[in-house]
Amino acid sequence: MTGVDGLLLSILVLPFAGSILAAFLPTAARNAAALLSGAVALAGLILVALLYPAVADGTAVRGEIAWMPSLGLSLVIRLDGLSWLFSTLVLGIGALVVLYARYYMSPEDPVPRFFSFLLAFTGSMLGLVLSGNLVQLAFFWELTSLFSFLLIGYWHHNRAARDSARMALLTTAGGGLCLFAGVLLLGNIVGSYDLDRVLAAGDLIRSSGLYGPALALILIGAFTKSAQFPFHFWLPKAMAAPTPVSAYLHSATMVKAGIFVLIRLWPVLSQTDEWYVLVSSAGLLTLLVGAWAAIFQQDLKGLLAYSTISHLGLITLLLGLGSPLAAVAAIFHVVNHATFKASLFMAAGIIDHETGTRDLRRLSGLYRFMPITATLAMIAAAAMAGVPLLNGFLSKEMFLSESLQRHSGTVIDQALPVLATLASAFAVLYSVRFIHQTFFGPPPTELARTPGEAPRWMRVPIEILVLACLLVGIIPAMTIGPVLSSAVRSVLGDATPSYSLAIWHGFTWPMLMSLAALVLGTIAYLRFGKMLNRTEGAPLLRRFHTRRIFDGALAFTASAARVLERRLGTRRLQPQLRLLLFVAIAAGLLPVMRHGYSLGGMEGTVVDPGFAVIWAVGGACALGAAWRAKYHRLTALVLMGGAGLVSCISFVWLSAPDLALTQLLVETVTTVLLLLGLRWLPQRSAALAPAKGAAFPFRRAVDAAIAVAAGLGLGLLAYAALTRAPPADAVSRFYMERAYPDAGGTNVVNVILVDFRSFDTLGEITVLAIVALTVFALLRRFRPAPESLGLPAQQRLQNAYDDAQSGREVGDTLVDYLMIPRVLMEWLFPFIVALALYLWVRGHDMPGGGFIAGVTMATALILQYMAAGTRSVEARLRVQPVRWIGIGLLLAVLTGAAALIVGRPFLTTYFSYLDLPLFGRVPAASALLFDLGVFVLVVGATALMLIAIAHQSIRKPLSRAGES
Amino acid sequence: MKRLLPHPLLALGILLMWLLLTASLSPGQLVLGAIVAVLGSHAMAALQPEDAGIRSVRPIPRLAAIVFADIVRSNVAVARIVLLRDRPERVSGFVRLPLDMRSRYGLTVLACIITATPGTIWVEFDRRANVLVVHVLDLVDPDAWIRETKHRYERPLMEIFG
Amino acid sequence: MTQAPDLPAWAAILTALFILLGAGITLIGALGLLRLRTFYERVHAPTLGTTLGTLFIVLSSITCFSALQSRFVAHELLILLFVTVTTPVSLMLLARSALSRDRIEGKDSVPPVV
Amino acid sequence: MAAWIDHLAVAPILLPLAASALMLLFDERRRGAKLAVAMLTTIALVGISIVLVGRAGSAAAIVYAIGGWPAPFGITLIVDRLSAMMLALASVLGLASLIYASARWDRGGPRFHALFLLQLMGLNGAFLTGDLFNLFVFFEVLLAASYGLLLHGSGRARVSAALHYVTINVATSLLFLVGASLIYGTTGTLNIADLAIRMPSVPESDRMLLQSGLAILGVAFLIKAAMWPVGFWLPTTYSAASPPVAALFAILSKVGVYAVLRVLLLGRGGEAADPASIAGQWLQAGGMATILFGTIGVLASRTLSRLAGFSLIISSGILLATIAGGGPLAGALFYLVSSTLAVGALYLLIEPIARNEAEPNVAAAADPVFEDEVVHDPDDEGDEVGVVIPATLAILGGGFLMCALLLAGLPPLSGFVAKFAIIDGLLDAQPPIGWARWTLIALIIVSGMATIIAASRAGIDLLWASERAPRTLRLAEAAPVGLLLALCLGLTVFAGPAYVYMEAAARALPGAAGPPPGVAR
Amino acid sequence: MTTLQLAWAITAAQVMLGLAAACAAYRLLFGPRAQDRILGLDTFYATAMLMLVTFGIQTGRTLYFEAALTIALVGFAGTVALAKFLMRGEVIE
Amino acid sequence: MEIVLALGIGVLTASGVWLVLRPRTFQVVLGLSLMSYAVNLFIYTMGRLRVDAPAIVGRDAAPDPAAYADPLPQALVLTAIVISFAMTALLLVVLLVSRGLTGNDHVDGDEP
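Residue numbers (UniProt numbering), protein chains in the order written: chain A, 1 to 964; chain B, 1 to 162; chain C, 1 to 114; chain D, 1 to 521; chain E, 1 to 93; chain F, 1 to 112.
So that you can see chain A by itself, here it is in the shape it has in the complex:
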């Protein structure tokens, strides 16, 4: 990094560093924050000044830091005449604003935050003007929007500030997104985002098919930022910001960002009809509308705001005209406007500060209270009005002379001189009104306090700025001349025209137009001045409330979005499932439609009559369950059990004994589980059903169609697959070949589960564990519906009977009911346990395995619960399912992890045959241990789920106070 690079970088880094520093200052550290900010701004200014020699001749210096090189995106800091000029403005006026703000801000405000935002904004603005890369430009552009939002909304307890901050943000950031898109298009046309390369590719850009969209997008960005009509509405609203912010944002920085981009890209975008039409008409409209509206403002800052709009329109118009001389005028006016507008805002702030009001109608005769401020304001206002010997006059004269040129040969050329004069007259009118109503006339009567001069240091910034106005106005060539020249040359390069900066060019048309405007404006004020105080809003524009349109648009967006969200989305489950199934069916169908449905040529197996009978039963059960599930839950449950049994039988038929066993056991447990749940569900019967809506049959028809389509689809897919030969080299061949030699098991299915793909099993038992834990956690907070809190009807009747009968106690019916079954079920318990152990041990070789064994064991446990009741079982058995889950999981994991100790991959099984004395050859597979983990976990998880639900019945409701 060279020295210049370092300098460039520090210009950019300084404000941000200062901002972060300021953010961490204590809330009361007013002076420290101001001092820090001022120092940063001044330091930046000095750095920029030091670099002037490098750019004086119109060339650029660059510093580059790689950022995302593969996307062609680097952080390029590029300083040339134009950016030097803008940087100086940003930093110079920034320093003055800091000084001013130190006195302006109230001690109650969290001032360090203000300065932090201000510095960050300064940095963003510098980043913008110093960008040597289009993406970087958009990047800092959005940052300025962001920080201006924070600055405008600084007094966020104030509703107006919040609203206007949001409006500014949405307008400018939205425009920023357009600009972003635009520069991306530009980059796409050029093939690089680098500014130098883009600037060198003007012809390529203008001839590209993407020129139109790119131009439009960039212009939207620039116009929103620079408050061009019709995007101007945010700017007057932004006056809710503290005055230093207005002074900064609306003179030298924020609004000039749009102008800056227009100037920056002027060489490559202008010189086309599109540019001319869009830019100059927007500028002209803004110029007139802004000036016209400014006349009718009653708020000091509002007047200045509209005047700003108008001046921005002027600059835009100049740029739109497309001639190099107009561009020079535009750049010149940027500087002039910044100086006089900043000072005017500051003066307005002082007036507000001292009188407590900004209402022109209530202000009067302040000259006698604050003569210095008044004088300064008058000079600045004169500059704004374009009075000779002031800088505003010079650039305005350039503008007027440009307006006389022919640019397009259309009617605009003829109208332009008149309109320019008219706009100038407006400017004179509002400037005169500003000064006269504020400082002259009788002393004010309705003020809360007696105004006086502002503190000495608060006036200094204004004094400096006004001095600049005067100096530039009187000796332009010696002051602004060289700077302007380097800026102009950096933009226009070889096309730089010759121009002269002088006060006096003789009695020319522009001079006459200026004079005419001055006279016209003054007369108009004298004639209509009083009337202006009585108006509310500008005539002609009054009905055109962009602000209201904006708010309305936002509100409409929100409500339209809500309507659309309801239309396009839903929060109900049924439509979601309908869509889900529909999409799935469609997805499955599309490839079939494309390739055609075909059956394979494999010869099928002969239909077994028994199998067909069984499936007739199974299908009937499934359909019956679907039919009855609404009002006859128990029936549906029983029918589903039938369907499950059928699928279990088919697994047996189709040579999958493991599946049959598993399905069977799971079936049983599921039945018990669902039955446990039934107790807590509300009674339903067809008699109580609510009336159905008109859409009801239609929805049922749709559902039926989806159901049939899904069934048909899956059935056809299955059939298509079944008629095809299986893939020749399926991986399962390996499993069958290696199961016994390598893994020591003859039941390939089980070997896959505990060895080849034991990782799946580990995941599967984890799911089981998680679900069990979730069920357990959920049921701890379970609160039944009030009507199901009591005993079921059967129990109440039976208890009542027991109670009424002499010689019986409550509960006798139950005891009698279960007496015999309980004995039998108790004695079955050890046998089922033995069976479970058997199923586990033999799993590796024959159907069985940890899961099957675990469910069997859990069933044994559940039988005990059913026979003896929860309390009785738990008094006798140590039931700790959560711990079992933990142990099982740990066992499985540790068995798998043991392989790691010897450097084998996780879950590598150890297998060999041991020759034990008594036993003979005994297989010793670590997979068995893994399966034990599965076994223990499954027992725990299954038991936990069932028991957790069962426990709900024996919980004791809290006796509530006040209830008998």
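I should point out that these hints are in silico values taken from the structure, not numbers from a laboratory. Each residue gets a CB set at the ideal place from its N, CA and C atoms; glycine is no exception. There could be a bad hint or two in this list.
To be verified - Derived contacts from chain F toward chain A, CB cut-off under 7 angstroms, selection only:
#	residue
1	Thr45
2	Val51
3	Leu92
4	His106
What the hints assert, rightly or not - Quick look at which bits of chain B chain A covers, simulated, 3 or more residues with Cβ under 8 angstroms:
#	region
5	36-49
6	97-110
Starting from the known structure of chain A, arrange chains B, C, D, E and F on it as the hints suggest.
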């Protein structure tokens, strides 16, 4: 011994089951079966069942034979009812059977016998009154049926369980 | 699907006989479910299948496997044993439940409470 | 014998599993110890994933054969750049959520820490596995854990949301099974890398079945990724979850996208003769519809949590449309990371921002009904975890602002870089750029604008305009947000190297040149 | 020769068992009351178990034995639960 | 056999889907269970049908894969059965809790 092997008969049963399951008499399976049997009997002990209190085993074979014969006979009887044209005069109904036996295990076996025999089913039992309600498919003479049942099943069971 | 293990003739005949007997008895029991009139009558029907039906089929299986493996294979007896123990449990409970329901609904065909 | 670093491949799954199994052995009273174990495990996961990222970035992918069985037969774990990156993302998000939860949220119900670790395990497994069915299993693990975590704290909203969420996901899992089994039935393999090799040689007559399977599988993935019109569950579900859980869930919908990247693109690779596949066009259209729907939802959302949910939908849409349209994969990955972190941070912020009383009662549902319901936790009473920090509003505001910027794709954070990368990549095609791409670009920009509109409305209402009592914020709540946002900042500053990494990750995906790793035949 | 006859016998037995299952399913489907359905399911289970044994005979493998035994030993749990639900309105008290 | 099984899968699926689309929680649970039966069978069919060929290999010679039922789909089905069992349990509990909290058994927690 009691603590090591709480239910020796049960353990034997489990061992037998294990051997049947594995279809092997190898020493390895014997040991494994023994382990399982001990585990199983401990599981049973944890449930703390009432003591069976078998008093005599002599009547068992005779009872078994009677039961088997009855099952075969009633199978045929029920099959006839199902298959052939049902007699219109056939009545089925509930019979109230007062019992003398009190042993839970005796009652359990009785329940199994009655229910396993086609044509009769154990429906309801009142512990305090010691009365049993049985549903009989082909009820000709309730009193005779009661007498026969008490004689054929209850007496030997009372001999066994007391 | 017509296949069967290769058995000596005596075993094959026995096996076939037993299996047909067992299945037939079971079918008769199941037919009882259709033909009998009330629930309390119907509840008797399945016991045919769980007693003699099971017995014969188990016998058939024992014959078959004993012949196949040339030794006495009897593990099927376990099935018989457990079926004999478990079927009464479910039937008993079911009958009692039905009785209770009928009583609640006041059917006069069921006996009043003791 | 494999090098130790290869064994590290299984650690992201093994470690949380073992830790949570251990936790189950201790009862609820040992909450402090459990938190410590969970925290240590999560920190270790972060460490491991960073090591794996380093390893993946410097050498060929690790192909870890579980159980020592060779690739197409056994299950393999694959640590390449992409999976390592996703691991790191998940663990970092997990760490942030866990720290946040330790402020008090972990006390909303039993077994929080175990479920939390199992959730991480499920995520890690889904990212690592190189096997289609194993992917299903890990999907189920992560879903099961997500049900548990979603229901953590109970209450009507959560239960109602969970009912929908569970139902939809169970149905989705069935679709997954149908799809995966069809693929097995036609190709005879489940190994994803092996699939890539076998798919092109599937005979023409079986193509119908194979593609049907892929399509159904795709629907399952897309439901998880919350594509319109099958993603309506997402905002409701996520906004019902407790904040740390919702933050962790931010990565859940990305699993669907990840699966699309890993598996569905195989279909494209297999369809060599048919490059502009119809499926790709559908996917692209669906992705764009999703962006649109998300945009509408963001604008319509009345609460921050729904806004965050719809932002997730937008991000899913952008990712899907970009991937399907042959857009820049590296940009999409960058965006994936950035948006996940941002939404995670946002979910963590929502509760402190919208908090009404000083200390919400995490267990608040209603009075206990049952006697055993009142579980007295000894360290539950008046126990302050962490320090209540000052300047709450500024921190909340700053955090919120950063989240909003990230989501809207505004500078200076990584959201901007991500969107730039995507749009730049979309523009970087052979001209003429099709209308689909233009639409996508427009949608991306419009969705950003909608996010600004909605976020500014919500943020201003909640942070600037509210007249609430001074808020409290604990260090344990602020720190994780800071962590996530700092990562985004880091991602911006070091966007160059990060992007280079992601470009390499994208190049290694199927469909790109060269055979995929993980199959040795 | 006997093998073929045996095969036919087994198939016939299976069909008979299938018909038995169908009878059970009739009760399962058409009730009329819940107890009838449960009875039907119980019978169905028993029939299924017997059918498994016939498979064992048919294939000459003992693989199906465990499944049959399991039905015999724990298959009744479902019926017990259903019956108890009818009687008491809940399964585990 | 193939056609019977395919029909069976179709009927199970159709019944399941119909139930899943119903408004009552219990119906949905039953529906998902039926669908999972169908899907389990479907997965199994992907190994094609084998009658009398269980996947138990002999200990002696290297087996001929064509003589056995494809074990892999069976293993997958086993995993799927377990998982769908777990999910059924969970869904059941969620619906119970939902019923308790909302007072009804509609899937949306309120009557439309």
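Going down the list of hints, with the structure as the test:
For F:Thr45, the suggested interface contact is upheld, since its CB lies about 5 angstroms from the closest CB of chain A, less than 7 angstroms. Hint on F:Val51 holds. Least Cβ distance to chain A is approximately 6 angstroms, under the 7 angstroms limit. The beta carbon of F:Leu92 comes within 5 angstroms of a beta carbon in chain A, closer than 7 angstroms, and the hint placing it at the interface holds. With its C-beta approaching chain A no nearer than about 9 angstroms, F:His106 sits outside the 7 angstroms limit, and its interface hint is violated.
Counting residues of the region 36-49 of chain B whose beta-carbon sits less than 8 angstroms from any beta-carbon of chain A gives 11, enough to reach three: the coverage restraint holds. Interface restraint, the region 97-110 of chain B with chain A: holds (4 residues with C-beta to C-beta distance below 8 angstroms; minimum three).
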